[in-house]
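Starting from the known structure of chain A, fit chain B onto it as the hints suggest.
What follows is each chain in one-letter form.
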Amino acid sequence: DTAVSQTPKYLVTQMGNDKSIKCEQNLGHDTMYWYKQDSKKFLKIMFSYNNKELIINETVPNRFSPKSPDKAHLNLHINSLELGDSAVYFCASSPLTGTGANVLTFGAGSRLTVL
Amino acid sequence: AQSVTQPDIHITVSEGASLELRCNYSYGATPYLFWYVQSPGQGLQLLLKYFSGDTLVQGIKGFEAEFKRSQSSFNLRKPSVHWSDAAEYFCAVGGNRDDKIIFGKGTRLHILP
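Chains as they are written, first to last, in my numbering: chain A, 87 to 201; chain B, 42 to 154.
Extracted from the complex, chain A is given alone in its bound form (with noise of 0.2 Å):
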């Protein structure tokens, strides 16, 4: 049983498209976030929630919307792709919030190529 999976695992999509990301962890864990990783492997924290509730939204443009329906779920939804956005999302979630003391637990990331 995967921990923390994600889907689709690869997204081809045209410039302009919009798409959406799907994560999902069995861990019993409050906290879920989102990261981007970009072509140079550099990781950055897009958002992060608690229990349903947005907690970390980082300088992310207004394009991106996540959505937790529950505790166990959150989606990544991208309107008006453009190349930029072109990267590996990683979902990630852990077990404690309000302090940095979390390991997190990552999905196998989800890459998205825009053309």
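Since the hints were made in silico from the structure, they are not lab data. You can trust all of the hints, since none of them are fake.
Derived SDA-like pairs (lysine to any residue); straight-line CA-CA distance at most 20 Å: (1) A:K127 x B:D49; (2) A:K130 x B:S67; (3) A:K105 x A:H159.
Sample of chain B residues at the chain A side, in silico, Cβ under 8 Å: (4) Q83; (5) G84; (6) K90; (7) F92; (8) E129; (9) G135; (10) K141; (11) I142; (12) F144; (13) K146.
Glycine included, C-beta positions come from ideal geometry on N, C-alpha and C.
Just chain B now, with coordinates in the frame of chain A:
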């Protein structure tokens, strides 16, 4: 603001040789420090962490790291690398006030046979 610097983008070592990957952090209070490893096409996996106590921490796969407050460093070491250790290694820092964990830019480890 917290930050992490990994000064080496690439490191190449021979199989069986010792390894040290450098990490320097900036944080205004006591940091929580992590090393993660990413194999090709995979997500990140925790190698080890430092929260408090003994400054030399042991992790999985024979790795260890030493927290040196005076140098703001948390270097990762392994006495003898194996070909399977070839991967990207990320140092990360977290604070005690929020959930934000910041990653360094990573060090790619290459192993020579």
